[in-house]
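Asks: Just so you know, the sequences run in chain order A and B.
Counting in this note's numbering, the first sequence runs from 1 upward without gaps.
Counting in this note's numbering, the second sequence runs from 1 upward without gaps.
If you are wondering where the hints come from, they were derived from the structure by calculation, not from laboratory data.
Don't take each hint at face value.
Distance condition first, Cα-Cα at most 30 Å in a straight line; then the derived DSBU-like pairs of lysine-lysine [said to hold, decoys possible]: (1) B:121 <-> B:554; (2) A:201 <-> B:190; (3) B:177 <-> A:132.
Nothing here was measured: the structure is a model prediction, and the numbers come from that model.
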Amino acid sequence: MDNEKLSLPGYDIPEDLEHAVAITTLDRIYNWGRRSSVWPLMFGLACCAIEMIAAQAARYDMARFGMEVMRPTPRQADLMLVSGTVTKKMIPALVRLYNQMPEPKYVVAMGACASGGGPFKEGYNVVAGVDKFLPVDVYIPGCPPTPQALIAGMIKLQEKIDKQSLKRVAWYDGKKKDANFIPEPILGPDLIDPRRNAEIKSLAAVKEG
Amino acid sequence: MATTFLTSTVDLVARFPGSVTADARPGYHGFIVEKDKLVEIATAIRDEFGYDLLTAVTGVDYLPENKMEVVYHAYKTTGGPGLMFKVQVPRVGPVEVPSLIEVYPGVDLQEREAWDLLGIKFTGHPDLRRILMWEGFEGHPLRKDWKEPFYEEDFKPFKSRWPEGKHVSAEEKNPFKDNLKYPQNFDPEKWIPEGDAMLYGSLARYTTVDPEGLKADRIVVNMGPQHPSTHGVFRAAITLEGETIVGLKPVVGYLHRNHDKIGERNTYLQNMPYTDRLDYFNSMSNNFGYAIAVEKLMNIKVAERAEYLRVIMAELSRIQNHLVFVGMLLNDLGAMYTPALYAFEERELILDIFEATAGSRMMCNYFRFGGVVRDVPEGVLQKIKDLVFDRLPAKTDEMERFLSENEVLVSRLQGVKVIDAEDAVRFSMTGPVLRATGVPYDIRRADPYGVYDRFDFDVAVRYNGDLMDNYLIRLDEIRQSLRILEQAVKQIPEGPINSQKPQYQVRVPAGEAYGRIESPKGELAFYVISNGKPNPWRYHVRPASFVNITALEKMCLGTKIADFVVLLGVLDIVMGELDR
Chain A
1 MDNEKLSLPG YDIPEDLEHA VAITTLDRIY NWGRRSSVWP LMFGLACCAI EMIAAQAARY
61 DMARFGMEVM RPTPRQADLM LVSGTVTKKM IPALVRLYNQ MPEPKYVVAM GACASGGGPF
121 KEGYNVVAGV DKFLPVDVYI PGCPPTPQAL IAGMIKLQEK IDKQSLKRVA WYDGKKKDAN
181 FIPEPILGPD LIDPRRNAEI KSLAAVKEG
Chain B
1 MATTFLTSTV DLVARFPGSV TADARPGYHG FIVEKDKLVE IATAIRDEFG YDLLTAVTGV
61 DYLPENKMEV VYHAYKTTGG PGLMFKVQVP RVGPVEVPSL IEVYPGVDLQ EREAWDLLGI
121 KFTGHPDLRR ILMWEGFEGH PLRKDWKEPF YEEDFKPFKS RWPEGKHVSA EEKNPFKDNL
181 KYPQNFDPEK WIPEGDAMLY GSLARYTTVD PEGLKADRIV VNMGPQHPST HGVFRAAITL
241 EGETIVGLKP VVGYLHRNHD KIGERNTYLQ NMPYTDRLDY FNSMSNNFGY AIAVEKLMNI
301 KVAERAEYLR VIMAELSRIQ NHLVFVGMLL NDLGAMYTPA LYAFEERELI LDIFEATAGS
361 RMMCNYFRFG GVVRDVPEGV LQKIKDLVFD RLPAKTDEME RFLSENEVLV SRLQGVKVID
421 AEDAVRFSMT GPVLRATGVP YDIRRADPYG VYDRFDFDVA VRYNGDLMDN YLIRLDEIRQ
481 SLRILEQAVK QIPEGPINSQ KPQYQVRVPA GEAYGRIESP KGELAFYVIS NGKPNPWRYH
541 VRPASFVNIT ALEKMCLGTK IADFVVLLGV LDIVMGELDR
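Chain A extracted, bound-state conformation:
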């Protein structure tokens, strides 16, 4: 970010200090740091992962946006790029990874499958969209999205980060600290979401037809 944007509060700086001092708000400098170093979790699910790798490679070069540092561990990642079809067998592991990520954390649903099931939605082992479990920040359409589309989605995420304010975010608020904790789904006769236990029990008791 250049000096002009950073110094928006509009304090007059003495002329001899103009190139040495910048005055800004805490939010602005904090968000500038975060948006320029979004580290994704190194994790590919399906076809979209290949386009994700292509976006990191020489031609599209996501490093220009500070997003090239793929972390193999969730503990060091800021962003979960859900790049592909989420299956019922996989979602417990995915939720566990999400819970292990430190705040602030973001989720990008890359491609049709992660956004809503895509071409495989009717499949018996497919979760129709990762947003059934995780709070998604940006959806990227496409099957698979081209690297350009992925980068456009990441820029949308940066815009979202820019708008956040330290005063309002949940992760420094002691009371809301666990707001983003998701109970892990269980593999039963079909996928069981523990948050819906009562509903499942009452609906399963109704005789079909």
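Using the hints provided, position chain B relative to the given structure of chain A.
Replies: Frame of chain A, contents of chain B only:
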């Protein structure tokens, strides 16, 4: 057409009178074998008739006839057509068929898949657990009377959508408003998940450790499903003694997208874009295999120009696959990302050609029954020529110059055994991994399809079967693909690109067909059964990756855990194809 199944030259009926009959249903081939004699007959097929490579095992649910059928496809590694034999069992009570794991160890995972999806119990199988779904899952999804939660109708196009229906989202029709289905009176709070107890139980065979009275613990390490070196969502449960692997079980199904079930609801043409998403590096090859299988059923010829376009696209696809393979192998060895950048640079140029031709970089959906969907646009053929004659040979040499004599690479790869020829054949391995052990089995030559018999090329083969050979054979194959491409771009004739009229619905006569191609990863085959309706009755994919990992345990026992990553890497698995 490419593969035919011999019922005349191999006289199984005369060899086993009374227990074998020729399959006489119209459009069907092969032999029907008595269930009790299956193991004996399979042994004879392997030893007396020489069909040593059992490539595919799958089940078919004939609900109207109240029968289950298990279909085996066997081939000779010396080449030639295959032999198909089947077992039929009544579809009542527990459906049981003897396991062939003693005769052909390569059936291991495929029999587990048939158990998982169709509920066919293979007696004598030592480790018959579910494989794609999890233990505790209700039902066997590929049975024709099993309905998925988003079930709407048996066949597409659904009447609610076409010709004048309006779309109601699938969630609205399900009581749980989601892709869910539970048994009557199910109580989720009382459910005790099976977890991984059976998986670890199957590993427990290895837990007798007491050398000279000293107690040493073996530890179980789970690699995956999220692990940077497992090429997707593959998981392996590994028992370690120190750093040595003493037990290994692959755990798959984390990307099981129900390809077969969706494929049986789809019309024939609707399946074409789904095949793109099998091996997502090589959508052109996947299209090729499926097109061949259906064309065989329809008994049509492919337009001459399209045949060449198919070969060109499939070989370009192979080149970019092998380039990425080399890059990713180096990734696995710790040369983080730099070699892969070189690979992706070339891959982008090939994807440009795909995008110009088919409209999409990865999911090409380019083949049609009888030809291809559109001709290459102007100038693209020249681009291909520039790549084939100029850039790619130079870049392959460059890659070889950078890597092949690199001291670190050589000491990591040379002499680390992958598998020997005998075991590779026993475990039904195909593709570069098999050829690196010295078995020159390439379907393009052994059982030619398309117009591959018109080209002059060598089957790449290496003899040591170590990691180094597995790496080098990919470079050999790139060079052979370039040779094929050089001839193809010179010989390609003008003319129509499809022998059929473009149509949404194709008429497919009843019968069965097994279309197989040499995909960059090995044998990719489609087993399609038609009953004359617009949708396939059975649609089975025999992926190379899935069958190749059958031997993973055999490959890894006794090696160091650090080499596991590389051993998995040379198998060149891709999860879309492995889990389907």
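Asks: Compare the distance between the alpha carbons of residue 121 of chain B and residue 554 of chain B with 30 Å, and conclude whether the hinted pair is satisfied.
Replies: Judged against 30 Å, a Cα distance of about 24 Å means the pair holds.
Asks: Given the proposed pairing of residue 177 of chain B with residue 132 of chain A, does the C-alpha separation stay at or below 30 Å?
Replies: Answer holds: residue 177 of chain B to residue 132 of chain A is near 11 Å, not above 30 Å.
Asks: Holds or violated: residue 201 of chain A and residue 190 of chain B, Cα atoms, limit 30 Å.
Replies: Roughly 10 Å between the alpha carbons, so the hint for residue 201 of chain A and residue 190 of chain B holds.
Of the numbered hints listed earlier, not one is contradicted by the structure.
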